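The listed protein sequences correspond, in order, to chains E and A.
Reading the first sequence from the start, the letters are residues 487 to 1151 in the numbering used here.
Reading the second sequence from the start, the letters are residues 2 to 196 in the numbering used here.
The set of hints was computed from the structure by calculation and includes no laboratory data.
This one's a predicted model, so the numbers in the text were calculated from it and none came from an experiment.
Some hints could be false.
[What the hints assert, rightly or not] Pairs of lysine-lysine, PhoX-like flavour, derived with a Cα cap of 20 Å:
| no. | chain 1 | residue 1 | chain 2 | residue 2 |
| --- | --- | --- | --- | --- |
| 1 | E | K754 | E | K1122 |
| 2 | A | K181 | E | K555 |
| 3 | E | K863 | A | K5 |
| 4 | E | K901 | E | K756 |
| 5 | E | K1122 | E | K970 |
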Amino acid sequence: MIAELGQLSLILAMMASMCLGFYPIVGAIRGEPRLLIMAKPMAFAMFAFTLLAYMALTHAFVTDDFTIKYVANHSNSLLPVYYKYTAVWGGHEGSFLLWMLMLSGWTCAVAIFSRGVPLIMVARVLGVLGAIALGFYLFLILASNPFESLLPYFPVDGRDLNPLLQDIGMIIHPPMLYMGYVGFSVAFAFAIAALMAGRLDSTWARWARPWALAAWGFLTLGITLGSWWAYYELGWGGWWFWDPVENASFMPWLAGTALIHSLAVTEKRKVFKAWTVLLAISAFSLSLLGTFLVRSGIIVSVHSFASDPERGLFILGLLVLVIGCSLALFAMRSSMLKSNSRYQLVSREMMLIGNNVFLTAATIVVLLGTLLPLVHKELGLGSISVGEPFFNQMFTWLIVPFVVLLAMGPMSRWKRQAIGDLKSQLLWAVLLGLVMTALLLTSFERFSMLAVLGTFLVFVIVLTTIQEILLRTNQQINWRNLRKLSRSHWGMVLGHLGFAVTLLGITLTSNFSEEREVRLNIGDSVELQNYQFTFKQVRHIEGPNYSADGGVVTVIRNGEFVTELLAEKRFYPVQRNVMTEAGIDSNLLRDLFVALGDEFTDGSWGLRVYVKPFVLWIWLGAAIMALGALLSIMDKRYRLVCVSKATQAKNIENRQIAGTGADFG
Amino acid sequence: MVKKYLLLFLPLVLFLLLTFFLVKGLFSEARYEVSTQVDRQLPEFSLPDVMDEDQLYTRQVFENQVTLINVWGTWCVTCAIELPFLTSLREQGVRIVGLYFEQDLDPDFGGKSLQQIRTDIRQTLNQLGNPYQFNIFDVNRDYSMDLGVTGAPETFLVDMHGRVLLHHVGDLNERVWQDKFLALYQQAMLEQKNG
């Protein structure tokens, strides 16, 4: 019964999207306000019905309704309840429903938070989102219906969740990633709406910017969570594998990073308009491509276990329709664009476009690396694999000029920057950077050229960021001057510092990590980077729903006790699973990581021991970047834009002044 | 001006080119077949008996006899439900061979001990009936992958030449047997009898 209601809700949501994709757009063309005002209610309806459908499916999972094919295939009565909630998006149909829930959620958010944007523009944006949603609702209902029934013959119990997917990490980061993926649809819709209007002034960039930042922030967090989880739970000690599915999320991130920078230029200087539109289209297109690659099984990876060419064809058709049409619209309309301001070769504009060039190059590298095996095979040239060395080398080359621009860009002026004026700042940054690099790297035993390069780049970013703040506060750092800087300025500062922190983590971890696989008897020890790991004992542990062998390892450095690690091997009798729970001692300077392996017949145990310097910084930096995005979104000028009338704007401003103390929310 | 137009159309052209490869890729063979296509020879293998690692089996055990290969595990709830029906099939003279699939999350670290698996199997089969002539242990789970198994239970009907006639996903019960298997099974048995 509830499942049927879910099915009905899904159809109603589709009908709402149909109205949303049609009437407001017609209204915008004909200039009929009657049609325009339909946009917002339809957006709300679309979200509400999708949410209902999603709740109905969740209900079916929790109550073990095996008359539904999707539930029977992806759950079973013994599955713990938390897995049942997450199993909703464990398969193809459900994950698309989640995707749709998020798309309609973003659409609804646009309808709510766009009071300052003229109605005709909102109607166009919502219309574009509705049209995209219509395509995917049709796909969901026609080709991949999560509510398909097995009646009258239904199984006694469900089949287990695909064993490869019954794994908390595979479960937790899809929602975050989807949130980012789908979020780029909003910036995309603004770009398309602006193209349709034929009025590509800088206002659309201002409206689209907070949305692009929000999507980028979510995507940053999603990728970070995935990587962090892989490190802590998989027990391989790695944090990024250049797996096709990771790449599929990394491409929109790179394009999105270029987009948020390009939007800033378009908003402030009214240049690179066509380029910004193209980036907005690209970021969402790459998200769609990523979804397609992961879900069609076209690229073989553990994530895409089941593939179905017909469904793949349907998504590909949608992809061609959405991306093809928008690129065609772009090609036809953007030729009318003319930049109406001038700038010199050395200027902030040029540095930002340079940064865009390198980010785009990086996106293309990842795209090529991911798709080359496919293209190669289809050309009949046999199978090849593109692996880590390719990506690592390409990114090592790209990062140097990228950082040079990142260092100079924020300090330079718009229009024209005399390079001589920055001489002292750059000289300081380079000299001080070299000294700090030398100081930091002498604390490591080994020497590595790449580590020197990476660390130096990090210090250059940090020092120039500080120089930039000095420059903007007239060399006087005090509370009053710092407060004068806008929130979006602080957002930029955090974004850049976060990037530096991540880069430092990556550099030091990649170059100075040590790992060893050893076979130890109780009482034996092994030494890594001055840390002496002693295998003390194995004790039996009874947990709430598992029993475990816990290997106790004490760590001593230079005769001083550092920590005691407990590396567990847990056996869950209900699921009959064995999970390794690595013992990790984490601080900002290094991670000590011990994983327990098999017991051998002679009573010795296999252990994996790692020392990973600065690995925490990788995720810390990403979190700082996401925080930067949040700060930028909260900038005053977006909130002023939110209100159309000047009086209302004033009211809000007053309220802000009154409530600045508690203004973080 | 023309040049500018060409430049603006470049993204569209590149995307369409990419689409061409995506369409082709969609219909080409994946590395792992999703389902062993029916009418195909079973892939080669060499795997031990689950109860005795010294006893090795190869594809030859499926030659000259019509066999049902049943993919199962003691951890699988539905498998437990189909065991009594499979046992009744064995009593009717159907040859059933198990392909034992251990759901083991961390192959690098070895999960349950072999001893424990064997105790579980013995216990389950004593309780619910033993339909199997013997059980092949898919140690690394790669043979199931080759067969296109996505979970358990799944059942394959193999003829006397080692060809897959049918691949059934889900539990095997009276209804499925009557509707899906019986006709093909009888035909295959006829062929076996005639030589």
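Do the hints match the structure? See the list:
For the suggested pair E:K754 and E:K1122, the alpha carbons sit about 15 Å apart, so the restraint of at most 20 Å is met. In summary, the hint linking A:K181 to E:K555 is supported, as the alpha carbons are separated by about 19 Å, within the 20 Å threshold. Under the criterion of a C-alpha separation no larger than 20 Å, the hint pairing E:K863 with A:K5 is inconsistent with the structure, at around 34 Å. Using a Cα cut-off of 20 Å, the hinted pair E:K901 and E:K756 holds, with the two alpha carbons roughly 12 Å apart.
Restraint check: the Cα-Cα separation between E:K1122 and E:K970 comes to about 12 Å, which is no more than 20 Å; the hinted pair holds.
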